[in-house]
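J.: Those protein sequences? They're chains A and B, same order as listed. The first sequence begins at 9 in our numbering and counts up by one. The second sequence begins at 13 in our numbering and counts up by one.
Careful, some of the hints might be misleading.
[Stated by the list, open to error] The following residues of chain A were derived to be distant from chain B, with all beta-carbon distances above 12 Å:
1) D34
2) A37
3) E38
4) S73
5) D305
[To be verified] Subject to a maximum C-alpha distance of 30 Å in a straight line, what follows is the list of computed DSS-like cross-link-like pairs (lysine-lysine):
6) K142(B) with K49(B)
7) K142(B) with K75(B)
8) K52(A) with K68(A)
9) K135(B) with K185(A)
10) K75(B) with K41(B)
11) K63(A) with K75(B)
12) K299(A) with K75(B)
These are computed hints drawn from the structure, not numbers from a lab. All C-beta atoms, glycine included, are put in the ideal place defined by N, C-alpha and C.
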Amino acid sequence: MTIPFEALRRTRAADEPVTDRRALDDPRAELLELERRGELIVQKIDREAVSVSTKYGRVKRIQKSHLWHHKSCGQCGHIPGYSTSIFWVMRKLGYDYHDPHDQTSCTAWNYYASATSNSAAQAAVAVRNFAAAYETGYFPLIHCGTSYGHYKDVREELIRYPELRAQVRAVMARLGKPLVLPEEIVHYSEWLHALRGEIAAQRVRDVSQIAVSVHPACHYHKIVPGDAIYDPDIYGGQRTAVVTGLAEALGATVRDYSTWFDCCGFGFRHILVQRDFSRSFATLRKIEVMKEEADPDVVLTHDTGCVTTLDKSQFAARAHGRNVGLPVLSDAQFAALALGAHPYRVCQLHWHSADYRPLLEKMGIDWEKAWAEFQSDLRRLESGEKRYLDWDDADGVNDSNRLENSPDRDTQNS
Amino acid sequence: MTTVPRQEIDAHYKTWNVAGHADVPHEVKVRLFEQVKGDFRFGDYLHGCYECGICVGACPSAKFYDFSPRRIAQAAAREDVDLVYQQMQEDIWECSQCFSCVRCPRGNNPGGIITIMREVAVKNGLASAKEALVGYSRIIYKIMSTGTQVSPDMLGRDSFPDWGPETADVADNLDLWRRALPPETMHTTSTGWSVAESTLVELYLIWMETGVLDMIAEVDPGLHTILLELMEERLEEEGIEP
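Put together the whole structure using the sequences plus the hints.
T.: As structure tokens, then:
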């Protein structure tokens with residue numbers, strides 16, 4: 009059945025231009041124009057930045073340091089080594105950051121799952137977080153792909169619709185905060201990509217024997233796709249360059265597979281209350297295809313839900329005799345391991361489900377020794393010697409001192 | 013259940029009743045569609061349809077369900093209020109919200125249209141919304157009351173048996189393993205990270221000011237009561253008029 013043109017025309021006013029929502033060429037320029045008119049505040053990039061190219065050629069600048077980490081609830085809650093690896097790599101490179109308490113989730117996972125929210129609320133949550141970052145002077149860096157994609161959608165809506173700006177401005181006024189947006193919305197995987205040369209220069213573990221397959225996260229490159237990073241030297245500029253660019257810079261081999269564009273099966277509501285779909289899609293359309301076509305040592309991806317779905321779905325599929333069994337890591341965890349991070353103290357791989365130990369062995373990591381070290385850490389916590397571990401513990405700074413003073417020293421040395 | 017004879021139903025309908033629910037008057041369907049069309053995003057999400065099926069080819073849900081983003085876009089463009097209503101009762105909760113469908117060469121965003129349709133379904137307390145959100149209330153409670161959606165303590169021993177024994181290990185060692193995390197914001201078990209009390213107050217004000225709390229009342233009155241009491245009490249402590 010064809011669509012009556014008249015019906016379509018009725019959806020918009022006669023004089024309203026027909027616009028492709030992907031056609032907002034330069035949101036940064038639009039924001040600066042709104043700032044000039046006194047409509048909002050734009051938080052500027054005020055430290056050294058790296059310029060990268062986006063899908064349609066716009067140059068995007070990635071600030072290197074002094075970053076406000078907008079954490080991911082899914083990462084922090086269920087795969088905490090994802091978050092700690094992002095922090096660790098940044099610390100390794102010597103760039104300062106702020107890990108805030110006055111941050112909420114973007115709440116977009118819930119929005120895409122249940123629709124129990126609306127545009128004004130979602131925009132207000134986003135702007136409240138951006139305002140919190142602005143108050144500190146640190147520039148926001150978004151950990152979650154869904155937060156990143158959703159915030160870009162929110163930015164477009166705020167740019168396009170004065171009524172929404174007015175509504176959000178009124179809500180923010182009640183909170184005593186301004187309507188503020190950052191000059192660029194930046195995902196942590198873009199930061200890793202932009203700094204992949206510096207990261208690779210710090211590599212201490214050889215990953216040249218490691219084959220990886222990459223799952224590009226939907227909400228990274230499908231929501232406001234024009235703002236994702238593309239590079240003519242990676243996939244000929246026909247696919248987002250993040251993750252792949254980093255893996256190649258570290259020296260790993262990236263192996264392609266046919267269903268790269270497919271989602272992971274997360275589904276937002278499905279992963280929580282309808283997991284038969286998530287499990288089936290993740291294993292049948294992604295993991296099995298990767299195994300059959302690319303046979304990688306590890307799957308790398310760059311979003312919360314993707315790591316969760318691709319990793320956790322394999323256990324049940326194995327019970328059905330499916331061809332699964334691939335470790336799934338974030339690009340940040342992989343980079344951290346290549347730079348010498350501890351697999352448990354930093355990368356927290358014990359929170360993962362698919363077996364990652366063969367990968368560690370291939371990377372030259374003695375996971376049994378590392379696990380024993382982590383167990384030793386836990387005993388310190390259990391004994392009350394420390395309440396919490398910190399970054400020095402994560403890097404084993406005090407390992408040798410503890411060994412020197414340990415009552416078990418002679419036993420350990422024997 | 014509707015009693016409309018099968019032969020009077022257009023062949024492109026999936027079923028000749030609406031998900032087993034009693035039919036509603038045509039005026040109700042018109043009103044619901046007007047709400048969908050009235051969303052300021054609707055014009056950005058729908059431009060026409062080449063009937064190429066690229067959106068269906070890219071759609072993960074279409075591979076597992078009797079679901080089609082093309083049907084969603086076309087029904088909305090035709091203003092076929094009967095079919096749109098049926099989709100709001102039967103189809104929209106199958107969407108994965110991955111937005112693979114924005115590959116559309118015409119610039120449509122069927123996933124975005126579904127976001128709007130879901131919002132309207134929730135606002136109007138449609139049966140599909142209530143059914144879709146069964147078992148989901150604890151998630152809504154968590155995100156609206158704590159500011160983080162998923163928490164470590166959701167990984168209970170019996171909560172995710174299909175995720176393997178490693179998840180049970182997490183549950184058994186939760187407090188200890190959280191205290192072993194280097195960032196001091198992440199030692200929490202009931203939230204993803206430590207969220208400041210003042211930040212929660214701001215979040216509660218956002219939910220109240222933007223009508224989100226009222227939406228909850230339509231789909232889960234019990235949850236609404238719990239959240240309202242929690243938020244009003246907290247705001248009162250701060251001396252803030254809700």
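J.: Decide, hint by hint, whether the structure agrees.
T.: Each hint, compared with the structure:
no.: 1; hint: D34; verdict: 17 Å, holds
no.: 2; hint: A37; verdict: 19 Å, holds
no.: 3; hint: E38; verdict: 15 Å, holds
no.: 4; hint: S73; verdict: 18 Å, holds
no.: 5; hint: D305; verdict: 19 Å, holds
no.: 6; hint: K142(B) with K49(B); verdict: 22 Å, holds
no.: 7; hint: K142(B) with K75(B); verdict: 25 Å, holds
no.: 8; hint: K52(A) with K68(A); verdict: 13 Å, holds
no.: 9; hint: K135(B) with K185(A); verdict: 29 Å, holds
no.: 10; hint: K75(B) with K41(B); verdict: 29 Å, holds
no.: 11; hint: K63(A) with K75(B); verdict: 28 Å, holds
no.: 12; hint: K299(A) with K75(B); verdict: 20 Å, holds
Of the numbered hints given earlier, the model fails none.
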